[in-house]
Amino acid sequence: MTAPMTRRDFMRGAAAVLGASAAFGRDATAPVTKTRVVLIRHPDALDADSAFNEPVIQQMLDEAVSKLLDVGDPVAAFKELVKPEDVVGIKTNVWSFLPTPAAVEKAIRRRVLDAGVEEKAIGLDDHTVRTNPLFVKATALINARPVRTHYLAGMSGCIKNYIMFAESQEAHHPDSCASLGSLFLLPQVKGKTRLNVLCALTPQFHGRGPHNFSRRYVWNYKGLIVGQDPVAVDSVGLRLIMAKRRKELGPAQEVPPVPKHIQLADTRYGIGTADPEKIELVKLGWLDDVMI
Amino acid sequence: MKDLGPKIPKQVLDWKASGEDAVYDRKTLYGYMDGGAEVYLAFDFREVFVRKYADAEENELVLDIYDMGSPAEAFGMFSCDRQDPDAGIGQASEYGPGLLRFWRGRYFVSVTVSGNEDKAEKAVLELGKAVAPLLGPDGAPPDMIKLLPPAGLRAQKTAYFHNHVHLSNRYYISPDNILNLDEKTECLFAEYGPEGGDSGRLLIVRYPDAEKAKAAAASFLRSFLPGADANGAGLIAGKGWSAIKTRGNVLAAVFEASSKSYAERLAETAVRPPQ
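Sequences listed follow chains W and A, in order.
The C-terminal residue of the first sequence carries number 292 in this note's numbering, and the numbering is unbroken.
The C-terminal residue of the second sequence carries number 275 in this note's numbering, and the numbering is unbroken.
Bear in mind the hints are in silico, worked out from the structure with no lab data behind them.
Backbone N, C-alpha and C fix where the C-beta goes; we use that ideal spot for every residue, glycine too.
A couple of the hints might just be wrong.
Residues of chain A clear of chain W, computed beta-carbon distances all greater than 12 Å [as the list claims (entries may be wrong)]:
#1 6
#2 18
#3 57
#4 81
#5 113
#6 144
The list that follows gives simulated cross-link-like pairs (lysine to any residue, SDA-like), each with its CA atoms no further than 25 Å apart [as the list claims (entries may be wrong)]:
#7 W:247 to A:184
#8 A:27 to W:163
#9 A:239 to W:250
#10 A:239 to W:249
#11 A:119 to W:220
#12 A:184 to A:211
#13 A:146 to A:130
#14 A:52 to W:175
#15 A:119 to W:132
#16 W:247 to A:199
#17 A:16 to A:71
#18 A:157 to W:245
#19 A:184 to W:249
#20 A:52 to W:95
#21 A:7 to A:34
#22 W:83 to W:250
#23 W:137 to W:192
#24 A:122 to W:250
#25 A:27 to W:167
#26 A:27 to W:96
#27 A:157 to W:83
#28 A:122 to A:27
#29 A:52 to W:137
#30 A:52 to W:248
#31 A:27 to W:175
#32 W:83 to W:62
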């Protein structure tokens with residue numbers, strides 16, 4: 001008897017069949033180069049009162065970006081990401097229940113400054129990025145937000161964080177937000193994203209209540225997931241959310257419904273790699289209960 | 001909804017109303033929800049009345065009273081997300097740290113806490129008890145509930161909804177909408193057992209017409225249960241037995257059943273017209 005599509009099949013998805021390399025126009029017969037994603041954790045990223053520890057988070061970002069690019073010094077690593085002449089927009093997330101931590105925003109901003117970008121050429125925004133003059137003329141984007149579940153999209157990660165660049169957010173809601181990957185092809189965005197920082201410091205693995213948020217489903221994981229490929233970063237984030245859901249909610253609720261936009265960002269829009277087999281996950285730092 | 005405002009207490013224990021009351025409708029709900037509006041818009045949501053309360057330490061309670069258009073829709077909104085113990089408020093309720101939910105008549109209500117959830121518990125429950133009498137009279141849950149076979153039914157787990165998003169959040173079948181669910185379909189998802197060793201999960205869908213039910217069954221068999229036998233039953237590796245039946249405009253699909261005979265019996269009973 002033929003088995004239906006399982007959750008694991010869904011995760012591996014069509015990316016494994018079609019090959020993400022084709023999306024980038026590479027020779028399909030060439031050896032597959034894995035996309036690197038760095039997961040870094042630190043037991044002191046949050047203190048006993050769950051406040052974010054800025055020096056530790058700076059250190060985590062530095063180590064992650066250095067490893068991501070195989071450059072020993074974090075400032076040198078950031079100099080590979082942005083040039084002094086760049087106009088850099090840091091796309092944050094201000095969702096009141098679980099915003100991008102200020103400590104992460106500051107850590108990114110500090111290193112962009114260290115890389116030689118003028119202060120006046122660095123912007124930080126969420127809801128008004130479409131019209132913010134700095135983002136309109138930005139030559140480089142850095143994408144930073146927390147990882148959480150979302151009732152429609154399954155997961156809110158780095159891909160979904162760009163929905164504020166859309167002319168109509170509602171237009172991306174049908175079919176479990178399947179079209180989110182297209183946001184990275186918008187003229188204001190295409191080819192500009194230099195770094196994605198998916199904050200797994202306090203991820204949310206399940207949504208309840210009127211705003212789909214309940215503190216009960218947030219845990220102190222104390223991690224950052226960092227990469228240049230937003231799809232690969234989100235694919236790793238999804239693995240983490242699924243692992244936590246499996247542990248806390250049981251196998252029947254392992255998949256947050258329905259994160260198809262991550263796979264489609266690869267297979268339909270060609271903006272990155274969703275297939276875990278084609279992602280090199282480098283784990284740094286604290287490994288207790290790492291889950292993935 | 002604004003008529004409700006003056007009737008709702010402005011103070012509950014140490015918590016006082018703060019800021020202006022607000023009302024949002026289907027067009028303006030996105031401005032309030034930032035990411036959660038679709039959950040309500042998938043039902044016949046009309047308006048929500050919002051009042052915030054704060055204590056001296058600036059912990060916040062938020063009272064939301066949703067006019068869902070009918071008791072069936074209010075029941076549906078409540079039923080899709082039940083996890084906590086009964087709080088004895090309204091027609092059905094639940095309370096867990098930081099969140100009270102209940103429904104009465106055509107209204108669904110939530111009280112949420114930002115800040116110290118333990119300190120807020122008494123005030124949350126007091127507020128719920130004060131609001132519930134204002135929302136009467138009671139209303140009837142969806143008549144479709146009569147289709148659920150009673151034997152072994154875990155009634156507290158029953159959910160009523162319309163579309164694929166709600167189904168996926170209640171029970172994951174497929175990344176795609178293989179049952180062609182939309183705002184015109186009525187769905188019940190229920191859990192059974194274990195009773196005498198029998199257990200399973202049952203989805204009943206009422207379509208606008210028999211043709212749509214038949215087409216959905218064909219889609220389901222093609223995508224989810226391609227190896228089904230002539231009776232529409234099949235074993236899924238590691239997931240127990242599934243079965244599907246249709247009669248007229250009603251479709252019943254069974255998942256994770258403990259035996260083939262139970263899967264078939266549950267599906268058959270569900271599509272049988274109620275006595």
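### Message
Between the alpha carbons of residue 157 of chain A and residue 245 of chain W, is the straight-line distance 25 Å or under?
### Response
Judged against 25 Å, a Cα distance of about 19 Å means the pair holds.
### Query
Is residue 52 of chain A within 25 Å of residue 137 of chain W, Cα to Cα?
Cα-Cα ~40 Å, so violated.
### Task
Would you mind confirming whether the straight-line C-alpha gap from residue 27 of chain A to residue 175 of chain W stays at or under 25 Å?
With a Cα-Cα distance of about 20 Å, the restraint between residue 27 of chain A and residue 175 of chain W holds, given a limit of 25 Å.
### Query
Would the pair residue 52 of chain A and residue 248 of chain W pass a check requiring their Cα atoms to be no farther apart than 25 Å?
violated (31 Å)
### Satisfaction of hint between residue 71 of chain A and residue 16 of chain A, Cα-Cα up to 25 Å
Violated. Residue 16 of chain A to residue 71 of chain A sits at ~30 Å, over the 25 Å cutoff.
### Pair hint outcome, residue 247 of chain W versus residue 199 of chain A [Cα-Cα no greater than 25 Å]
Holds, at about 22 Å.
### No chain W beta carbon within 12 Å of residue 144 of chain A's
Holds, because the least Cβ-Cβ distance between residue 144 of chain A and chain W comes to about 22 Å, which exceeds 12 Å.
### Query
Are residue 7 of chain A and residue 34 of chain A close enough, with their CA atoms no more than 25 Å apart?
violated (28 Å)
### Message
Run the distance test for residue 146 of chain A versus residue 130 of chain A: straight-line Cα separation, threshold 25 Å.
### Response
Measuring from Cα to Cα gives roughly 32 Å; hence the hint is violated.
### Message
Holds or violated: residue 239 of chain A and residue 249 of chain W, Cα atoms, limit 25 Å.
### Response
Distance ~17 Å between residue 239 of chain A and residue 249 of chain W Cα, so the pair holds.
### Query
Hey, residue 122 of chain A versus residue 250 of chain W, does the alpha-carbon distance stay inside 25 Å?
violated (31 Å)
### Query
Does the structure keep residue 184 of chain A and residue 249 of chain W at a Cα separation of 25 Å or less?
Violated: residue 184 of chain A and residue 249 of chain W sit about 30 Å apart, past 25 Å.
In summary, the numbered hints that this structure violates are 4, 5, 7, 13, 14, 15, 17, 19, 21, 22, 24, 27, 28, 29, 30.
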